[in-house]
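2 protein chains.
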Amino acid sequence: MDNQFLKNGSISIHPDVLALKDKAQKEGLETIWERFAAQQPQCGFCELGLSCRICVMGPCRIDPFGDGPQRGVCGADADIMVARNLARMVAAGAASHSDHGRDLLETLLAVGEGKAPGFGITDQAKLDRLAAEFGVAGDLPPLPKAKELALAMMEEYGIKKGYLTFTRRLPAARLEKWRNLGIDPRGVDWEVTEMMHRTHMGVDNDAVSLLVQALRCALADGWGGSMIATEISDVLFGTPKPTASQVNLAVLQGDRVNLILHGHSPLVSEMVARAAQDPELVARAQELGATGINLVGLCCTGNEVLMRQGIPMAGNHLVQELALITGAVEAMVVDYQCIMPSLGDLAACYHTKFFTTSPKAKFPGATHLPFTPENGAALGRDLVAQAVENFARRRPERVLIPGAPVSQVSGFSVEVIEQALGGTWDPLLNAIKAGQIRGAVGVVGCNNPKVIHDYGHTTLTRKLIENDILVVDTGCAAVAHAKAGFKRPEAAELAGPGLKAVCQALGIPPVLHMGSCVDNTRIVNLAAVLANALGVDLDQLPLAAAAPEWYSEKAATIACYAVASGIYTVLGVMPPVLGSAAVTDLLLNGLETHLGATFAVEPDPAKAADLIMKHVEGKRRALGLEAR
Amino acid sequence: MDNQFLKNGSISIHPDVLALKDKAQKEGLETIWERFAAQQPQCGFCELGLSCRICVMGPCRIDPFGDGPQRGVCGADADIMVARNLARMVAAGAASHSDHGRDLLETLLAVGEGKAPGFGITDQAKLDRLAAEFGVAGDLPPLPKAKELALAMMEEYGIKKGYLTFTRRLPAARLEKWRNLGIDPRGVDWEVTEMMHRTHMGVDNDAVSLLVQALRCALADGWGGSMIATEISDVLFGTPKPTASQVNLAVLQGDRVNLILHGHSPLVSEMVARAAQDPELVARAQELGATGINLVGLCCTGNEVLMRQGIPMAGNHLVQELALITGAVEAMVVDYQCIMPSLGDLAACYHTKFFTTSPKAKFPGATHLPFTPENGAALGRDLVAQAVENFARRRPERVLIPGAPVSQVSGFSVEVIEQALGGTWDPLLNAIKAGQIRGAVGVVGCNNPKVIHDYGHTTLTRKLIENDILVVDTGCAAVAHAKAGFKRPEAAELAGPGLKAVCQALGIPPVLHMGSCVDNTRIVNLAAVLANALGVDLDQLPLAAAAPEWYSEKAATIACYAVASGIYTVLGVMPPVLGSAAVTDLLLNGLETHLGATFAVEPDPAKAADLIMKHVEGKRRALGLEAR
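Going line by line, the protein sequences match chains A and B. So that you can map any letter, position 608 of the first sequence is 608 in this note's numbering, and since no number is skipped, the others follow by simple counting. So that you can map any letter, position 173 of the second sequence is 173 in this note's numbering, and since no number is skipped, the others follow by simple counting.
Calculated from the structure, these hints are not laboratory results. Keep in mind the model is a prediction, meaning the values are calculated, not measured. Don't take each hint at face value.
A pair holds if it fits inside one copy or across any two, identical chains being indistinguishable in the list.
Stated by the list, open to error - DSSO-like mimics (lysine-lysine), calculated; alpha carbons at most 27 Å apart, straight line:
id, residue 1, residue 2
1, K160, K126
2, K463, K607
3, K161, K147
4, K160, K147
5, K115, K607
6, K500, K241
7, K241, K614
Turn these sequences into a full structure, and let the hints guide you.
So this is what it looks like as C-alpha cells:
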C-alpha cells in the first residue's frame with residue numbers, strides 16, 4: 001500500500017491534532033499512530049485477500065508470486081479466497097448499520113406502546129409519509145400509528161415479505177437491472193445470513209456469484225436497515241434542518257463541564273442532550289465551579305446530534321483518542337461502532353469517566369450503563385449528572401485545548417434541500433442542465449492512519465467545488481470538510497463561478513452536510529429523487545461518490561450499495577482484493593454492463609477528483625448536456 | 001498443533017482410501033493431503049486467533065511471545081481479537097445450517113401452496129405435532145396446515161416474535177440459566193446479524209460479552225434454524241426409521257450407472273432418488289449396457305438419503321475427491337456445504353459430470369442447474385437422465401473400486417428410538433440408572449487432514465462402547481463408525497457387557513445413527529426428552545459430546561449450542577483461541593458455573609474417551625446413581 005503517513009511522517013493536516021499528538025507523546029501516551037507504526041509491515045497475504053481461516057483445516061495462504069501454494073487445503077483458489085473475504089466484510093458492514101436500524105425500530109415500537117418515557121414523535125409528517133409508504137392505516141392516532149409502522153418495518157428484517165419497501169423509491173429501470181442480476185434484496189438479516197452461509201467452506205465457490213450476493217447484501221443495508229435507521233431517527237428526533245454550529249477540538253471548553261458523545265446512535269445521545277439542559281444539573285455544575293455544561297460530539301453520534309440539535313463537533317475517527325488527551329473531558333459516553341478499545345485506558349490516564357451504553361458493546365475500562373427504550377431518559381440524566389460531579393476532579397494543569405472553533409452550517413436533509421430550492425427540484429436540475437453545477441458528488445467515509453488525516457477528504461472536495469461540482473457529505477468526511485471551513489456559507493468563495501453563484505443565491509455552502517454514515521441513505525435517496533424527476537435511471541446522472549480515507553467494513557458496504565444503485569464510487573484506500581485479478585477486474589470494470597457503475601481506487605485525492613470530473617462530464621455528455 | 005498426518009505420513013485408517021490415494025498419485029492427481037502438506041507451515045498468528053483483518057486500518061497481528069505488538073491498530077488486544085474471530089466462526093456456522101433450514105421452509109410453503117410438484121407431506125403426524133407446537137389450527141387440511149406452519153416457522157427468522165418456539169422443549173431450569181446469562185435466542189437471522197455487528201471494529205470489545213453472544217447465536221441455530229431443517233425434512237420426506245444399508249467406496253458398482261449425491265440438503269437428492277426408480281430411465285441405462293442405476297451418498301446429503309431411503313453411503317468429507325478418482329462415477333450432484341472446490345477439476349480428469357444445484361453455490365468446472373421447489377421433480381429426472389447417458393463415456397480401464405461394502409443399520413430418529421423402547425423412555429432410563437448403560441455420548445463432526453482420517457472417531461467410539469457408553473452419531477463421524485462396522489447389530493459384541501445386553505435385547509447396534517450434521521438437533525432433542533422424563537436439567541445427565549476430527553464453522557457452532565444446552569463437549573482439534581488465555585479459560589472452565597458444561601480439547605481420542613468416562617461417572621454420582 002502507498003502509505004502517506006509512513007512515507008513522510010505527517011499524521012494530519014490539522015494543527016490542533018498535531019498539538020495534541022505532541023502532548024500525548026510528552027505524557028508518554030500511545031495513540032493509534034504508534035500502534036499503526038508498530039504493526040508495520042502488515043501481512044501481505046491478508047492485505048491482498050490471499051489468506052483464509054474460514055475453517056480449521058486452514059489457515060491457508062496463496063502465494064501471490066506463484067511459487068508457493070495456489071490453492072487452500074479445500075481447493076479454493078485466489079479468486080474464491082479474495083471474494084469470500086470481501087463478501088464477509090460487506091456482510092459485517094451491512095449487519096452493523098442494519099442492527100443500528102433495528103435499535104431505532106425497537107425504540108419506535110416502545111414509543112408506540114407508551115413504554116419509552118422521554119421519547120416521542122418529533123416529525124409527525126414524516127411518520128405519516130412512512131406509514132403511507134408501508135401501508136399503515138392513515139387515520140390512526142400518532143402512537144398506534146408509530147407502533148404499526150414499527151411492526152411493518154420489522155418485516156423488512158424477516159423472510160416472509162421477500163422485498164424491501166424503500167427500494168420501490170427507485171426508478172423501475174434500476175429495479176429491473178437488479179432483478180436481471182438477481183440482487184433485488186429480500187430481507188435485511190436474510191441477506192446477511194445468506195452471505196455468511198455462502199462464504200462457509202464448500203458453499204459458493206464462484207467469485208462472481210459471491211460478489212453478486214455481496215451487492216444484494218449491501219442493498220439490503222442501504223435500502224433497508226440503514227434507511228430505516230435514518231428515517232426513524234428523523235421521526236423520533238426530528239428531520240435535520242440547517243443549523244449553525246462549530247467544529248474542532250476547541251469546541252471543548254476550559255470553564256465548562258465537557259461531555260463527549262461518541263459512536264453512531266442518537267438514542268442515548270438525544271437523551272443526554274435533553275438532560276444537559278436540565279436547570280438543576282446546570283446549577284449543580286455552577287456550584288462545582290463550572291460555567292455550565294458543554295456537550296460535544298465525536299464521529300457519527302456527533303453527526304446525529306449536530307444535524308438535529310446543533311451540538312458542536314469535536315472531531316472524527318482519528319481524533320477520538322486526542323479528545324481525551326485534552327485532559328478537559330469529564331465524561332465520554334459511547335454507544336457503538338468505530339470506538340477504539342484504547343479509550344478506556346486513555347480515560348484512566350485522566351480524570352475522565354468512560355461510559356458504555358449499548359448492551360451490545362462493552363469496552364475495557366468502561367462503566368457499563370446499558371440503554372433500553374424504557375430507561376433512556378433516566379440514563380441520559382444519570383450520565384450528565386456523573387459528568388457534572390466529575391468536574392471537580394479535573395486537573396487544570398493537564399488541560400490543553402488547542403486551536404479555535406470553526407463555524408459550520410449543518411443539517412441538510414433531502415427535505416430541507418427541497419425546501420431551500422423552493423419546494424421543487426427544478427432550480428437544482430436547471431443549474432445542472434445549464435452547467436452552472438456540473439454534477440454532484442458524495443464525499444463520505446472514515447479516517448484511516450494509512451492516509452494523512454483529512455488530507456484525502458479536503459484535497460478531493462476542494463478540487464471538486466473549484467470545478468463547480470456540488471459536494472454532499474456524511475460521517476468523518478463531513479467533519480474534515482467542516483474543519484477546513486467548507487461548511488460556512490462564505491465558502492462559496494472557494495467554489496467555481498457556477499457553483500458559487502448558486503450557493504450565494506441560496507445562502508448555502510458548497511458542501512452540504514447530510515449526516516452520519518448511516519445517513520448515506522439520504523444521498524442515495526436524493527439521487528433517486530433526482531433520477532425520478534428527470535425520468536432517468538441513477539447511473540445516467542452526473543453523480544459520483546468517493547471515500548478517500550475509508551477504513552471500516554461499513555464503508556465497504558456503503559460503497560457496494562452506491563455502485564449497485566448506479567453511482568460510480570472512488571475509494572482512496574485499496575480493499576484487500578489485489579490477490580485476485582478476477583475480483584479486481586469485476587469491481588473496476590465488470591459491473592458497468594449490469595449496473596452502469598463501477599468502483600475505482602485512487603489514493604491520490606487530486607487524481608481522484610480528475611477521475612470524478614471526467615466521469616461527471618461523460619454523464620453530462622450522454623444526457624445531451626453541455627460537457628467539457 | 002499436534003499433527004498426526006504430518007508426523008507419521010499415514011492419511012487414513014481405511015484400506016480403500018489408501019488404495020485410491022495411491023491411484024491418484026499414479027495418475028498425477030492432487031488431493032487434499034497434498035494441498036494440506038503444501039500449506040505447511042500454517043500461519044501461527046491465524047492458528048492462535050491473533051491476526052485481525054476486520055478493517056483496512058489493518059491487517060494486524062499480535063505477537064504471542066510478547067516481543068512485538070500487543071494491540072492492533074484500533075487498540076484491540078489478544079482477548080478481543082481472538083474472541084471476535086471465534087465469534088465470527090460461530091456466526092458463519094449458525095448462518096449455514098439455518099439458511100439450510102430456510103430452504104426447507106421455502107419448500108414447505110411451496111408445497112402448502114400447491115406449487116411444488118413432486119413434493120408432499122410424508123409424515124402427517126409430525127406435521128400435526130409441529131402445527132400444534134406452533135399454534136397452527138389443528139383442523140386445517142394437510143396443505144393449508146403445511147402453509148400455515150411454514151409461515152409460523154418463518155417468524156423464527158424474524159425480529160417480531162422475540163423467542164424461538166423449539167427452545168420451549170427444554171426444562172425450565174435450562175431456560176432460566178439462559179435468561180440469567182442473556183442467551184435465550186430471539187431470532188435466527190437476528191442473532192447472526194447482531195454477532196456480525198458486534199464484531200465490527202469498535203463495537204463489542206469484551207471477550208466475555210462477545211462469547212456470550214456467540215452462544216446465543218449458536219442456540220438460535222441449534223434450537224432454531226437447524227431444528228427447523230431437521231423437523232421439516234422429516235415432514236416432507238419422512239421421519240427416519242431403522243434401515244439396513246451399506247457403506248464404503250465399494251458401494252459404487254462397476255456394472256451400473258453411478259450417481260453420487262453430495263452436500264447437505266435432501267431437497268434435490270430426494271427428487272433424484274425418486275427419478276432413479278423411473279422404469280424408463282432404468283431401461284435406458286440397460287440399453288446403454290449398465291445393469292441399472294446406482295445412487296450413493298456422500299457426506300451429509302448422503303446421510304439424509306441414507307436415513308430415509310437406505311441409499312448406501314460412499315464416504316465422508318475426506319473421501320469426496322477419492323470417490324471421483326474411482327473413475328466409476330457418471331455424475332456427482334452437489335448442493336452446498338463442505339464441497340471441495342477441487343471437485344470440478346477432478347471430475348474433468350474423468351468422464352464424470354459435476355452438477356451444482358443450489359442457487360447459492362456455484363463451483364468451478366460445474367454444470368449449474370439451480371433447484372427451485374417448482375422445478376425440483378423435473379430437475380431430479382434431468383440429473384438422472386444425464387448421468388445415465390454419460391455411462392457410455394466411462395473408461396473401464398481407469399476404474400478402480402477397492403474393498404467391499406460394509407453393512408450398517410441407520411435411521412435412528414428420536415421417534416424410532418422411543419418406539420424401539422416400547423413407546424416409553426423407561427427401559428433406557430432404567431438401564432442407565434442400573435448402570436448397564438453408564439451414559440450416552442454424541443460423537444459427531446467432520447474430518448480434518450490434521451487428523452488421520454477416521455482414526456479419531458473410531459478410536460474414541462470403540463473405547464466408549466467397550467465401557468458401556470451408548471454412542472449416537474451424525475455427519476462424518478457416523479460414516480466413520482459405519483465403515484468400522486459399529487452400526488451392524490452384531491457390533492453389540494464390541495460393547496461392554498451392560499450395553500451389549502441392552503443392544504441384543506433390542507436388536508440394535510451400540511452406535512445409533514441419528515442423521516446429518518444438521519440433525520445434531522435430534523441429539524439435543526433426545527437430551528431434552530430424557531431430562532424432562534427425569535425432571536432434571538440437561539447438564540445433570542450422564543451425557544457428553546465429542547467432535548474428534550472437526551474442521552468446519554458449523555461444527556464450532558454445534559459445539560457451542562451443545563455446551564449451552566448443558567452438554568460437556570470434547571474437541572479433537574484446537575479452535576484458534578490459544579492466543580488468548582482469557583478466551584481459552586472461559587471455554588474450558590468459565591462456562592461451568594453458568595451453564596453446567598464446558599468445552600475440552602484433547603487430540604488423543606483414547607484420552608478423550610477417558611475424559612468423557614470420568615465426566616459421565618461424575619454426573620452419575622451427582623444424580624445418586626452407582627458410579628465408578
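Tested hints:
For the homomeric pair K160 and K126, the shortest alpha-carbon distances inside one copy (26 Å) and between copies (23 Å) are both at most 27 Å. For the homomeric pair K463 and K607, the shortest alpha-carbon distance inside one copy (10 Å) is at most 27 Å, but the shortest distance between copies (69 Å) is not. In this assembly of identical chains, K161 and K147 lie within 27 Å of each other by CA distance both inside one copy and across copies; the values are 18 Å within and 15 Å between. Both within a single protomer and between protomers do K160 and K147 lie at most 27 Å apart by alpha-carbon distance, with minima of 19 Å and 12 Å respectively.
In this homomeric assembly, K115 and K607 never come within 27 Å of each other (Cα to Cα): the closest approach is 53 Å inside a single copy and 55 Å across copies. When the C-alpha separation of K500 and K241 is checked against a cutoff of 27 Å, the pair qualifies only within one copy, where the shortest distance is 21 Å, while the shortest distance between copies is 79 Å. For the identical chains of this complex, K241 and K614 are neighbours neither inside a copy (33 Å) nor across copies (68 Å), given an alpha-carbon limit of 27 Å.
Violated hints, in rising order: 5 and 7; the structure is consistent with all others.
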